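Peer 1: Spelled out from the first residue to the last, the chains are:
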Amino acid sequence: DTEVTQTPKHLVMGMTNKKSLKCEQHMGHRAMYWYKQKAKKPPELMFVYSYEKLSINESVPSRFSPECPNSSLLNLHLHALQPEDSALYLCASRDYRGRAFFGQGTRLTVV
Amino acid sequence: AQSVAQPEDQVNVAEGNPLTVKCTYSVSGNPYLFWYVQYPNRGLQFLLKYITGDNLVKGSYGFEAEFNKSQTSFHLKKPSALVSDSALYFCAVRDGRTGFQKLVFGTGTRLLVSP
Chain A
1 DTEVTQTPKH LVMGMTNKKS LKCEQHMGHR AMYWYKQKAK KPPELMFVYS
51 YEKLSINESV PSRFSPECPN SSLLNLHLHA LQPEDSALYL CASRDYRGRA
101 FFGQGTRLTV V
Chain B
112 AQSVAQPEDQ VNVAEGNPLT VKCTYSVSGN PYLFWYVQYP NRGLQFLLKY
162 ITGDNLVKGS YGFEAEFNKS QTSFHLKKPS ALVSDSALYF CAVRDGRTGF
212 QKLVFGTGTR LLVSP
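So the sequences go chain by chain: A and B. Numbered according to this note's numbering, the first sequence spans residues 1 to 111. Numbered according to this note's numbering, the second sequence spans residues 112 to 226.
Be careful, since some hints might not be right.
Claimed, not checked - Simulated DEER-style distance windows between Cβ atoms:
hint	chain 1	residue 1	chain 2	residue 2	range
1	B	Gly164	A	Met15	20 to 28 Å
2	B	Thr131	A	Met15	42 to 50 Å
3	A	Tyr96	B	Ser114	23 to 31 Å
4	A	Asn17	B	Gly173	23 to 31 Å
5	A	Arg97	B	Gly173	19 to 27 Å
6	A	Thr16	B	Phe211	38 to 46 Å
7	A	Ser65	B	Asn128	14 to 22 Å
8	B	Ile162	A	Arg30	40 to 48 Å
9	B	Thr218	A	Thr109	21 to 29 Å
Unchecked claim - DSS-like mimics (lysine-lysine), calculated; alpha carbons at most 27 Å apart, straight line:
hint	chain 1	residue 1	chain 2	residue 2
10	B	Lys180	A	Lys9
11	B	Lys133	A	Lys22
12	A	Lys41	A	Lys9
13	A	Lys19	B	Lys188
14	B	Lys133	A	Lys18
15	A	Lys9	A	Lys38
16	A	Lys53	A	Lys40
17	B	Lys188	A	Lys53
18	B	Lys133	B	Lys213
19	A	Lys38	B	Lys160
20	A	Lys41	B	Lys133
21	B	Lys169	A	Lys22
22	B	Lys180	A	Lys38
23	B	Lys180	B	Lys160
24	B	Lys133	B	Lys180
25	B	Lys213	A	Lys40
26	B	Lys188	A	Lys41
27	B	Lys188	B	Lys133
28	B	Lys169	B	Lys133
29	A	Lys19	A	Lys40
30	B	Lys213	A	Lys38
31	B	Lys213	B	Lys169
32	B	Lys180	B	Lys213
33	B	Lys160	A	Lys40
34	A	Lys53	B	Lys169
35	B	Lys213	B	Lys188
These aren't lab readings, by the way, just hints derived from the structure by calculation. From a predicted model like this one, the values you see are computed outputs, not experimental measurements. For each residue, glycine too, the CB sits at the ideal point set by N, CA and C.
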């Protein structure tokens, strides 16, 4: 199994809503990532978890709250988002050779 | 700071012709370099990496990349392009300042292969 699975694939939420993005991998990777990608732009790193502990937070606003319940799961909790937060949110995990494996992403639209 | 630059927003090539997508890097220390491909509305897929060893790195789908230390370049190449190679290509470098946890991407190059 070389997949990173993200759910949902699409999400539309209002600015007062609370929602969560989910990411799952069963490759035994101990580093997991959240990236944000705007159209025609490169992915921008948001958070890195290493061995289920948050190791990098790229000064992301607190309306984004990551969680790593176990070594296979990574969540991103969303609350009070702004329309400019609309983007493709990508999850990735990294193997011991340094290769990152990406999920297909969640297309988020904030209305 | 570790960074990569992709000087071309778009590369056009006819099917069957060789293709090159350019990338230059700026790192302190030894570079850990990667190429990823992204198809529309999809996540990124790993193509190949360079850490040490041979300057010519072979990867997935017939792609290869040439590491050139003197020119600080890591260009992606393929001898014969396919229409299905049309996608967005990202060069990336792993940042040694964060224990190599952080992957920094270039701005991306759109490859269009015409029939």
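Peer 1: The structure should be examined with respect to each hint, and the outcome stated for every one.
Peer 2: Going down the list of hints, with the structure as the test:
1. B:Gly164 x A:Met15: 20 to 28 Å: Roughly 51 Å apart at Cβ, these two residues miss the hinted range, so it is violated.
2. B:Thr131 x A:Met15: 42 to 50 Å: Check passed, 45 Å falls within 42 to 50 Å.
3. A:Tyr96 x B:Ser114: 23 to 31 Å: Given about 25 Å between the Cβ atoms, the range holds.
4. A:Asn17 x B:Gly173: 23 to 31 Å: For A:Asn17 and B:Gly173 the Cβ distance comes to about 45 Å; the hint is violated.
5. A:Arg97 x B:Gly173: 19 to 27 Å: holds (21 Å)
6. A:Thr16 x B:Phe211: 38 to 46 Å: holds (40 Å)
7. A:Ser65 x B:Asn128: 14 to 22 Å: violated (48 Å)
8. B:Ile162 x A:Arg30: 40 to 48 Å: Hint violated: Cβ distance 19 Å, outside 40 to 48 Å.
9. B:Thr218 x A:Thr109: 21 to 29 Å: With Cβ atoms ~24 Å apart, the hint holds.
10. B:Lys180 x A:Lys9: This hinted pair is violated, its Cα atoms lying about 41 Å apart.
11. B:Lys133 x A:Lys22: violated (35 Å)
12. A:Lys41 x A:Lys9: It holds: about 19 Å lies between the C-alpha atoms, which stays within 27 Å.
13. A:Lys19 x B:Lys188: violated (42 Å)
14. B:Lys133 x A:Lys18: Outside the cut-off at roughly 42 Å; violated.
15. A:Lys9 x A:Lys38: OK: A:Lys9 and A:Lys38 at ~16 Å, within 27 Å.
16. A:Lys53 x A:Lys40: violated (31 Å)
17. B:Lys188 x A:Lys53: violated (38 Å)
18. B:Lys133 x B:Lys213: With Cα atoms ~22 Å apart, B:Lys133 and B:Lys213 stay inside 27 Å; holds.
19. A:Lys38 x B:Lys160: Given that 27 Å is the threshold and the Cα spacing comes to 25 Å, the pair holds.
20. A:Lys41 x B:Lys133: holds (17 Å)
21. B:Lys169 x A:Lys22: This hinted pair is violated, its Cα atoms lying about 33 Å apart.
22. B:Lys180 x A:Lys38: violated (32 Å)
23. B:Lys180 x B:Lys160: holds (15 Å)
24. B:Lys133 x B:Lys180: Within the cut-off at roughly 14 Å; holds.
25. B:Lys213 x A:Lys40: With Cα atoms ~21 Å apart, B:Lys213 and A:Lys40 stay inside 27 Å; holds.
26. B:Lys188 x A:Lys41: The given pair, whose Cα atoms are some 22 Å apart, holds under the 27 Å limit.
27. B:Lys188 x B:Lys133: Distance of about 9 Å is within 27 Å: holds.
28. B:Lys169 x B:Lys133: holds (16 Å)
29. A:Lys19 x A:Lys40: holds (25 Å)
30. B:Lys213 x A:Lys38: holds (19 Å)
31. B:Lys213 x B:Lys169: holds (23 Å)
32. B:Lys180 x B:Lys213: The given pair, whose Cα atoms are some 22 Å apart, holds under the 27 Å limit.
33. B:Lys160 x A:Lys40: Distance ~23 Å between B:Lys160 and A:Lys40 Cα, so the pair holds.
34. A:Lys53 x B:Lys169: violated (34 Å)
35. B:Lys213 x B:Lys188: Between B:Lys213 and B:Lys188 the Cα gap is close to 25 Å, so the pair holds against 27 Å.
Comparing the model with each numbered hint stated earlier shows that hints 1, 4, 7, 8, 10, 11, 13, 14, 16, 17, 21, 22 and 34 do not hold.
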